[in-house]
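Protein chains in written order, with numbering that gives the first Met the number 0: chain A, 0 to 321; chain B, 0 to 346.
Worth flagging that the hints you see were computed from the coordinates, not collected in a lab. Since we're looking at a predicted model, the values are computed, not measured. Ideal placement from N, C-alpha and C gives every residue a C-beta, glycine not left out. Watch out, some of these pointers could steer you wrong.
Computed spacing ranges between beta-carbons, pair by pair [claimed, not checked]:
#1 A:S247 - B:P261: 29 to 39 angstroms
#2 B:P280 - A:D284: 41 to 51 angstroms
#3 A:A135 - B:A18: 56 to 66 angstroms
Cβ-to-Cβ under 7 angstroms is the rule here; a few derived chain A residues that face chain B [what the hints assert, rightly or not]:
#4 E58
#5 N63
#6 E117
#7 H313
Straight line, CA to CA, 20 angstroms or less: simulated DMTMM-like cross-link-like pairs of lysine to aspartate or glutamate [said to hold, decoys possible]:
#8 B:K123 - A:E142
#9 B:K14 - B:D311
#10 B:K178 - B:D231
#11 A:K86 - B:D20
#12 A:K86 - A:E58
#13 A:K120 - A:D193
#14 B:K235 - B:E204
#15 B:K235 - B:D323
#16 A:K131 - A:E142
#17 A:K287 - A:D270
#18 B:K123 - A:E61
#19 A:K86 - B:D140
#20 B:K123 - A:E290
#21 B:K123 - B:E137
#22 B:K123 - A:E58
#23 B:K260 - B:D231
#24 A:K231 - A:E290
#25 B:K153 - B:E99
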Amino acid sequence: MPETPQIPVTVLTGYLGAGKTTLLNRVLTATHGKRYAVIVNEFGEIGIDNELVVNADEEVFEMNNGCICCTVRGDLIRIIGNLLKRKGRFDGILIETTGLADPAPVAQTFFVDDEVRERAKLDSIVTVVDAKNLMARLDDTHEAAEQIAFADTILLNKTDLVASDELARVEARIRAINPTAVLHRTERCTLPIDAVMGRRAFDLDRILEIEPNFLGEDDHQHDDAITSVALKEVREIDINKFNAWIGSLLRTRGQDILRSKGILNVKGSPDRFIFQAVHMLIEGDDGKRWEAGEARDSKLVFIGRGLDEAELRHGFETCIAA
Amino acid sequence: MNMPAEEDRILRPEKRELALDASVTGMAFLNDGILALACGDGAIRLVPPEGPPIVAHAHENGAAALALAADVDGTSVLTGGDDGRLVQTSADGATRVLLEIPGRQIDVIAVTSVAGVRAVAFGKDVRLIDRAGAVIGETADHPSTVTGLAFNSKGKRLAASHYGGVTLWWIGSFGQSPKRLSWRGSHIGVSWSPDGSTVMTAMQEATLHGWRLTDGQHMQMNGYATKVRSMDWLAKPMTLATAGGDCVTGWKFSGGGPMGKPAIEIGRGIGRLVTAVAAHPNRPLVAAGFDDGRVAVCEFFGERVVRLRPGDGGRISTLAWSRDGTRLAAGTDIGAIALFDLSRAAA
């Protein structure tokens with residue numbers, strides 16, 4: 000049977016008014032020569048009559064699979080299955096979530112449902128934040144921080160509405176929550192479409208650039224705040240030990256660990272091993288080949304609540320190959 | 000547990016073939032032996048027993064036709080598309096839009112020819128439309144998006160599946176006094192047994208769930224490899240045939256079953272995932288379609304398997320028997336259609 004490549008799926012989160020609809024309209028109207036389907040939650044908001052826009056009801060279902068935090072978007076399973084019946088291929092699917100939505104069920108849908116997984120792949124989570132209002136949202140809600148924590152790409156939008164020192168403070172606050180996301184400063188979400196669609200390989204590779212000490216200590220964190228831990232290891236990793244450790248870690252702590260990502264130097268493999276997880280659901284793949292002379296460092300990043308860096312480091316060290 | 004199947008027979012009956020370039024999403028035979036088929040290109044094709052197919056552009060602008068049923072009169076076909084349209088197409092290719100909900104995918108429809116009513120779902124909403132095309136009932140009283148609709152054989156009741164179970168309605172008092180059948184989890188399709196005694200659903204977790212309406216007894220069937228995307232009933236002895244495993248799985252409801260009785264494994268030996276099933280209209284036979292494009296006709300209660308179509312890479316997405324059971328149509332998700340004439344083959 001011919002292997003059909005999986006269609007990359009981009010999940011778009013962000014508070015009401017942050018600029019999600021502006022970005023959706025750009026994806027639908029920009030002359031990029033690509034065919035993107037857009038799944039929205041409020042059909043009327045898109046002022047464009049376009050047959051590639053589908054309305055969804057944002058129905059979150061619990062899975063009866065024994066995984067306590069495993070919720071999925073039932074409506075998406077159906078809608079994506081139907082989109083794939085259309086003649087011709089899509090270059091990508093963009094899914095908009097409502098302002099207060101937790102991105103996890105959307106992301107988890109692409110790990111859990113076999114039919115969806117066969118044909119579509121979570122490419123990245125894009126979060127649009129409003130430079131002017133973000134600080135207030137972070138103080139009065141927990142969803143704002145979660146949306147930043149989940150993001151692979153963050154659009155710090157409406158930068159024209161704030162002064163540069165304020166912008167620097169907002170950016171530092173974002174970085175304290177999520178040090179690995181690609182951050183774009185935008186006005187009216189103006190940026191090339193390929194900065195948000197079809198990102199996966201590039202963005203995961205960025206993990207290698209992150210230095211553990213870069214994360215630093217943030218002085219105004221409290222116990223339930225979302226933070227991140229980055230780990231680096233220069234010795235080779237035993238993939239079986241790693242799978243056992245990460246599996247067990249995420250089974251027990253996966254509710255608090257929102258996202259984890261890593262690039263590993265696996266003993267006996269010439270290729271990078273790339274993995275990412277949303278809560279308890281893990282996906283691993285062979286990545287690019289290590290180049291000659293390249294430092295083969297393994298890097299792991301965890302984003303979540305109540306992370307114990309020493310414990311995570313100790314666990315990772317048990318995965319070093321003998 | 001069973002002996003290996005005897006060597007399957009391979010039959011090469013007379014057949015017609017069509018090649019389209021999008022997924023076949025639904026098929027049904029109309030009166031006069033016309034095969035109606037829906038496709039991911041949005042067109043409805045009407046294939047007469049002789050002569051070329053008529054093409055009707057029921058769903059346009061790149062939309063796909065997602066669901067198909069023979070319409071109430073038996074001579075036209077009803078389709079739903081992801082252009083939000085519910086369209087009636089008559090045998091001469093003329094189309095009539097019965098409903099249009101922009102931005103919605105219309106993928107759940109049901110028809111009862113006995114009562115002359117069509118049902119269509121979009122989101123939590125279900126509407127009933129009579130022969131003339133008038134909306135005679137509407138309700139959104141479902142806890143989540145409706146994923147499947149099925150009339151009972153008398154056309155008096157309608158079952159709607161959704162997250163958390165099924166809601167049963169009386170057509171005569173649609174929207175009032177729902178009966179709720181509850182079971183935790185996401186139900187993705189519903190089927191009503193021919194005798195009206197049982198409502199079965201397929202679930203997201205690759206199981207079947209059922210309710211015996213006479214006494215409220217629940218039933219649960221496990222062990223499927225994937226979600227059960229296709230199920231069909233043999234009326235006598237009443238038996239449910241299901242896809243979702245590496246053979247057709249049958250559940251015999253007569254003689255005290257299916258509880259406590261083992262499943263019947265039909266058409267073993269091909270060893271591929273069954274993706275579509277269709278029970279023969281009057282003999283204890285079931286057509287099985289596989290994920291590599293193979294098609295076989297199997298005995299429900301015997302070992303005999305007749306292979307009709309070799310694998311070609313696409314997966315069988317839909318199967319349909321003609322009313323008299325002499326012809327079988329199969330369609331794949333890459334647009335291949337085969338129409339077998341079995342009138343001279345005594346399987």
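>> Let me make sure I understand: some of the numbered hints might not hold for this structure. Which ones are they, in numerical order?
In response: 6, 7, 8, 10, 12, 14, 19, 20 and 25
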